[in-house]
Each structure stands twice: as C-alpha cells, then as structure tokens.
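The residues making up each chain are set out below.
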Amino acid sequence: MKVSYFPGCTLKNKAKDLDTYARRCAEVLGITMEEIENWQCCGGVFSTAKDEIASKLSSVRALAYAAEKEQILVSVCSACHNVLKQTNHAMQNDADFALRVNNYCAPDMAYHGETQVMHYLELLRDVVGFDKIREKVVNPLTGKKIGAYYGCLLLRPGKTMQMDDVENPRIMEDFIRAIGAEPVVYAMRNECCGGYVTLEDKNLAAKTSAAVLDNAAAGGAELLVTACPLCRYNLVKNGGRDLPVVYFTELLAEALGVLDATQGVKEENNG
Amino acid sequence: MAERNNMKEQILRTSGVNPLKCMRCGKCSATCPAYDEMEYHPHQFVYMVETGDIEPLLNSESFYKCLTCFACVDRCPRSVEPAKLVEAARLMVIREQGKNRLKPDDIPAQLDEDMPQQLLVSALRKYSK
Chain A
-5 MKVSYFPGCT LKNKAKDLDT YARRCAEVLG ITMEEIENWQ CCGGVFSTAK
45 DEIASKLSSV RALAYAAEKE QILVSVCSAC HNVLKQTNHA MQNDADFALR
95 VNNYCAPDMA YHGETQVMHY LELLRDVVGF DKIREKVVNP LTGKKIGAYY
145 GCLLLRPGKT MQMDDVENPR IMEDFIRAIG AEPVVYAMRN ECCGGYVTLE
195 DKNLAAKTSA AVLDNAAAGG AELLVTACPL CRYNLVKNGG RDLPVVYFTE
245 LLAEALGVLD ATQGVKEENN G
Chain B
147 MAERNNMKEQ ILRTSGVNPL KCMRCGKCSA TCPAYDEMEY HPHQFVYMVE
197 TGDIEPLLNS ESFYKCLTCF ACVDRCPRSV EPAKLVEAAR LMVIREQGKN
247 RLKPDDIPAQ LDEDMPQQLL VSALRKYSK
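These protein sequences, in sequence, are chains A and B.
Using my numbering, the first residue of the first sequence is number -5, and each one after it goes up by one.
Using my numbering, the first residue of the second sequence is number 147, and each one after it goes up by one.
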C-alpha cells in the first residue's frame, strides 16, 4: 500500500529520527510513504480565525496532491497533522473558506475535502493494526515502563481531530503494549508542554513541562514517548528532570529490529 | 461607541464565537495552563467581548501567553471556545502595520542548538503577520 507523506520542516532537520524511522518501519509493515513533491511548511499552528486564508494554502495544496493520487495523507509530526486535519475540516465544513481558497487556486487546482488525513499512529492502529505490529516485533521492549505524552496537538480540538477520546486517550498506550512494553497512565499526559511561548517565556514552559514530567515520574514512567518535536524540546530542555523523552518511531524501530546500532533504550538500559 | 461596536463585531466575525452562550462556569480559566501569566483570563475574554470592552484586551499582553493548546475549547461545557476570541484579539493587533511582536531579526539571539524549526514557525505565525 502507498500513502502520501507530508514530512514537514522539523522532520527534515532537528527531528530526523522521527522521519527516518517512520519510513523504515512503514516498509517493514508493508506501507510505502511517498513524499509529496514540493511540499511547503504547514506553519506549525492552525489559526482558528475564519478570515485567515493565505496561511492555510500550503496545507490545502498537500491535501489536493493526495486527492489527485487517491491516497491517504499521512504525517508523523503532531503539529503538521493538526494543521492538515483542521484545514481539511475547514474545507469540508466552512463553505466561505472553501470558496475563497478555490477561487484563489483556480484553474490549477480545485479541492473540496476529499482526502483522508491520518497521523502515523492512526495508520498503525486503523490500517496496519496493532495485532499485526505485535506479530512483527522481533525485539519486544519487555518490562520497560513507558509513559505516553500526547500533549495537545494530537487530540484537540477533539471534534475535528477525532483521533481518540480527548480526555482519556489510549492509542499511544495500545502502541506501547504492541511493542511489548508496559504503559504508564498518568493524568498530565494530555496537558500542554508550553508550546511556542517558550521562545519568549522560558518560565512558563518550565512550569508546564515540569508538571508533566513530575506527574509521569510519580506514576513510575522510566521513559516518555511523543510524536511532537516541540513537546520533546520543552520537556527535555525545560522540564528540569532527567527523564528521557524519545520519539515513538524510535521505539517502534527498536521493536521491529531496524534501529541503527548506536541507538536504543533497551541497550542503554542493559549496558 | 461606534468604534467600540465595530471592534466587537470584528472579533465576533473573525472568531465565529457567540459569547452569549457562556454560562460563566469558569472552566476555561480553571484549565488554562497559562492562567497565572495572564492579566485577563479566558473567561474574562468572553465576558469583555460580550460587553464590548475590547480595548483593555488589545492593550494587554495576555493573548501572547495563550499556548493555543485548545484545552478551553474542548473543556467548555457550552462550546463557547474562548481560544478563538483570544486568537481574534491577537490578530486584530498584529495585523496592524508595524505591530509585529516578533521580527525575524530578533530570532538569532534567542536560538539554541536544540530548538526545533517547528517552534520558530509557530512563534512567527502567532506573533507576526
């Protein structure tokens, strides 16, 4: 199976592990991720303003590209996924917005929300299936206590994202079980890390990140997983605690036996 | 008064929010991770827009503290969605010529080697036009 893939700016740079292992694992699971040609940055955050049009055009172009290929549009970065899904929702439900976008893009492009947008985790759950992943695991992370960190972008706004229960999600916990580890469920897993405000207010980010890490550690987590480069940055940089935070794709690669030899939580732990 | 009504109308139009749905339970502010840093809190945004008291909101830095985490949006029992008002007020300010909060030239001084690109593009979207 082939899917259209929107990597986004950070996965080409600071978060290469999120990208490399997502592609490599997808191949193991029978899915080829075809990178969209000439994709443009999603902008990182979706503006809820109804009269904000131009900043959403890059997402519409990606959606239209996938529609033309009749493929699912997949992203791995929480932020890209959030922006793509919210933009798609607006194209489907906000007639005025869709009209303005299509008037601007005509005659080269017309798009009306046909594409199905999926986060890589949804691809694992709904297309591949966690049972199938369990069968493919060659290196189960047995005994590892892992906390899922959802943050906000994966889940909210819930009625648009529709990934999981916004207050009691389980997709990442199910993922953690599928790779043989034990999920640690803690209350702060869907609270914000401090986001982009960290650029001008480190204290705010330190407070929000520490609240997440302290709560996860109190629950017994040895390691946190995330799908968001900004969450990872804030937790590691501003969280004030030595709790490792890795991308979920790294753990998947480790479990599937395709992780580069220099990395891996299991080896680190055994060493 | 006309100016005042105009600002209110602009915010309502941009946000698509109906503040009259609010039943003043305060859950938006209770769940806001940036609450302590704000002069005007999410529930106050809703009330002040409803009453047309927009100017203090525009002169305050409160909307720069909003993390756009959508906690207030999802947890509002009346689907008022306060974050959309915060966004509309912020845009009303930064869309004005010369009112950018963050300029590209400011960024190099704030960089560190681990900072993801996502952080910079998001901040530019939120603080600049």
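Please note that a few of the clues may not be correct.
What the hints assert, rightly or not - Straight-line alpha carbon distances no greater than 30 Å define the calculated DSS-like cross-link-like pairs of lysine-lysine that follow:
1. A:K201 <-> A:K139
2. A:K126 <-> A:K139
3. B:K245 <-> A:K44
4. A:K10 <-> B:K154
5. A:K196 <-> B:K167
6. A:K63 <-> A:K44
7. B:K249 <-> B:K173
8. A:K10 <-> A:K(-4)
9. B:K275 <-> A:K10
10. A:K63 <-> A:K196
11. A:K201 <-> B:K173
12. A:K10 <-> A:K231
13. A:K201 <-> A:K8
14. A:K6 <-> B:K275
15. A:K6 <-> B:K154
16. A:K8 <-> B:K275
Please keep in mind that the hints were generated in silico from the structure rather than gathered at the bench.
Hint-by-hint comparison with the structure:
| no. | hint | in the structure |
| --- | --- | --- |
| 1 | A:K201 <-> A:K139 | 24 Å, holds |
| 2 | A:K126 <-> A:K139 | 22 Å, holds |
| 3 | B:K245 <-> A:K44 | 21 Å, holds |
| 4 | A:K10 <-> B:K154 | 45 Å, violated |
| 5 | A:K196 <-> B:K167 | 35 Å, violated |
| 6 | A:K63 <-> A:K44 | 29 Å, holds |
| 7 | B:K249 <-> B:K173 | 34 Å, violated |
| 8 | A:K10 <-> A:K(-4) | 21 Å, holds |
| 9 | B:K275 <-> A:K10 | 29 Å, holds |
| 10 | A:K63 <-> A:K196 | 43 Å, violated |
| 11 | A:K201 <-> B:K173 | 20 Å, holds |
| 12 | A:K10 <-> A:K231 | 18 Å, holds |
| 13 | A:K201 <-> A:K8 | 24 Å, holds |
| 14 | A:K6 <-> B:K275 | 25 Å, holds |
| 15 | A:K6 <-> B:K154 | 42 Å, violated |
| 16 | A:K8 <-> B:K275 | 25 Å, holds |
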